[in-house]
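**Student:** Protein chains in written order, with numbering that gives the first Met the number 0: chain P, 0 to 78; chain G, 0 to 78; chain R, 0 to 146; chain B, 0 to 146.
Do not take every clue at face value.
[As the list claims (entries may be wrong)] Quick look at which bits of chain R chain B covers, simulated, 3 or more residues with Cβ under 8 Å:
hint	region
1	18-26
2	68-79
3	88-101
[As the list claims (entries may be wrong)] With beta-carbon atoms standing in for the labels, derived distance ranges:
hint	chain 1	residue 1	chain 2	residue 2	range
4	B	138	P	64	53 to 61 Å
5	R	3	B	85	34 to 42 Å
6	P	16	B	84	47 to 55 Å
7	G	29	B	42	54 to 62 Å
8	B	73	R	101	24 to 32 Å
9	P	16	R	89	48 to 56 Å
10	G	59	R	133	50 to 58 Å
11	R	25	B	2	30 to 38 Å
12	G	3	R	70	47 to 55 Å
[To be verified] Over the 10 Å line for every Cβ pair with chain R, so calculated as not near, a few chain B residues:
hint	residue
13	34
14	110
15	127
Quick caveat, the hints were computed from the structure, so don't treat them as lab data.
Remember, predicted model here, so these are calculated numbers, not experimental data.
Backbone N, C-alpha and C fix where the C-beta goes; we use that ideal spot for every residue, glycine too.
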Amino acid sequence: MTYRLLYFASLADRAGCAEEVRDSAAGTPRDLYAEVAAAHRFPFAADRLRVAVNGAFVAWDHALSDRDEVVFLPPVSGG
Amino acid sequence: MTYRLLYFASLADRAGCAEEVRDSAAGTPRDLYAEVAAAHRFPFAADRLRVAVNGAFVAWDHALSDRDEVVFLPPVSGG
Amino acid sequence: MSDKRFSLLETAIDVGVERRALDHAAAGAYASFEGWVRNHNDGRAVLRLDYQAYAPLAADEGEAILAEAAGRFAVREVRCVHRVGRLAIGDLAVWVGASADHRDAAFAACRWIIDEVKRRVPIWKNEHYADGESGWLHPDNTPVGSG
Amino acid sequence: MSDKRFSLLETAIDVGVERRALDHAAAGAYASFEGWVRNHNDGRAVLRLDYQAYAPLAADEGEAILAEAAGRFAVREVRCVHRVGRLAIGDLAVWVGASADHRDAAFAACRWIIDEVKRRVPIWKNEHYADGESGWLHPDNTPVGSG
């Protein structure tokens, strides 16, 4: 399937981009994160992050669909 | 001795004036309050009030001096 | 804006002016409280109110509260302005501002100051009701006549 | 001023405009919090910072927090505005306002909202230091690199 991934903050710095389109066999955010974390050497274990699909928070075992927009969210620091 | 008394809020309403000059034999705020409370039928026992002399809070057994400005302060309700 | 931390004001409080005294480059947090004149109290419709103060002592006591707050909490600055005179519904009766490096201290100082001002500063509120009556209030906002 | 209770803003927050949404004739108390850009963090001199947001989700999550606050506390209205983009020392980064009949609810709602916004809304702070370095921060304001 093809996913559109957005990166923010330290993940964007590490990935070297704010966005990528990736073909992947991963069917859940958990598997997709394992793949991109290895590719970009992200410093966070998945349990430090939250994940959103198409603009809403989802669980790590959420079933992904082709063309989903997937965002792994590093710990926030607003305010 | 002669005292200048200022009245505020419900005490001013009850006394019918904001200020009076009174000759009195009272030597402490406690005795002076007993006198004016009887004269004006004030609704408060002294322990509901605070007392200030010449612009500063004092104890009820403070020694008054001639010409002191004495203020009996009803429970406050600012804010 | 005054050199004093506490002031009594006979005219409308301009928060935009007063708050400038709280600015500090090291402050990351600002908490403020405002008391507004409500249209109701204790089940009665309120039209307007008057605040009366024993001004010299109110000024001293307010200043003492703010000095105590500045020592008690990790704040950069604290201020309070209280109106006296006649106020209408929605008018600003009292403003408290606190700036601090962190929000815990800003909130705690702001809350402590308004509580102490209401408890200690010689200011009295006289509410005028829709039924034509009026009355001075106790600290708990019940009428003096009832207690 | 917006119809939404929560908004992200790329330009300076005008508190005088935003706060009008809190006006209510029955409200006797207004509590507000502001986060200002500090000139220091974790012992380092800060020159400026950038806030980045995942805007659609930040807007939804902020709105959810404010709706939850409106149900959880006895408030008349609650609002929050968060800046994104580049900010200088002293700039207003976030504003929270709550109006209520009584001060307990106003303070409690205001404090709860800023805590939840800092904990849940996808916004990230990148500090630029006097030594030329910069870095994204964790929620506790420690650098991401350290943990």
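**Student:** All hints, please: hold or fail.
**Tutor:** These are the hints, each one checked on the structure:
1. Coverage of the region 18-26 of chain R by chain B holds. Counting CB-CB distances below 8 Å, 4 residues qualify, and the rule asks for three or more.
2. Coverage of the region 68-79 of chain R by chain B is violated [criterion: at least 3 residues with CB-CB distance below 8 Å; count 0].
3. Here the region 88-101 of chain R counts 4 residues with a CB under 8 Å from a CB of chain B, which clears the bar of 3, and the coverage holds.
4. Range check, residue 138 (chain B) to residue 64 (chain P): Cβ separation about 31 Å, and the 53 to 61 Å hint is violated.
5. Between residue 3 (chain R) and residue 85 (chain B) the beta carbons are some 37 Å apart, a value that agrees with the proposed interval 34 to 42 Å.
6. Checked against the given bound of 47 to 55 Å, the beta carbons of residue 16 (chain P) and residue 84 (chain B), roughly 20 Å apart, lie outside it.
7. A hinted range of 54 to 62 Å holds for the C-beta pair residue 29 (chain G) and residue 42 (chain B), which are about 57 Å apart.
8. The beta-carbon spacing between residue 73 (chain B) and residue 101 (chain R), approximately 27 Å, falls within the hinted interval of 24 to 32 Å.
9. In this structure the hint that residue 16 (chain P) and residue 89 (chain R) lie 48 to 56 Å apart at CB holds, the actual value being about 52 Å.
10. Distance hint for residue 59 (chain G) and residue 133 (chain R): a CB-CB separation of about 31 Å, inconsistent with the stated range 50 to 58 Å.
11. Checking the proposed 30 to 38 Å range against residue 25 (chain R) and residue 2 (chain B) shows it holds: the Cβ atoms sit about 36 Å from each other.
12. The beta-carbon spacing between residue 3 (chain G) and residue 70 (chain R), approximately 35 Å, falls outside the hinted interval of 47 to 55 Å.
13. Chain R draws residue 34 (chain B) into its interface by the beta-carbon criterion, the shortest separation being 6 Å against a cut-off of 10 Å.
14. A beta-carbon of chain R comes within 10 Å of the beta-carbon of residue 110 (chain B); the shortest separation is about 6 Å.
15. With 10 Å as the threshold on Cβ separation, the claim that residue 127 (chain B) sits away from chain R holds: the shortest Cβ distance comes to roughly 15 Å.
Checked against the numbered hints above, the structure violates hints 2, 4, 6, 10, 12, 13, 14; every other hint is satisfied.
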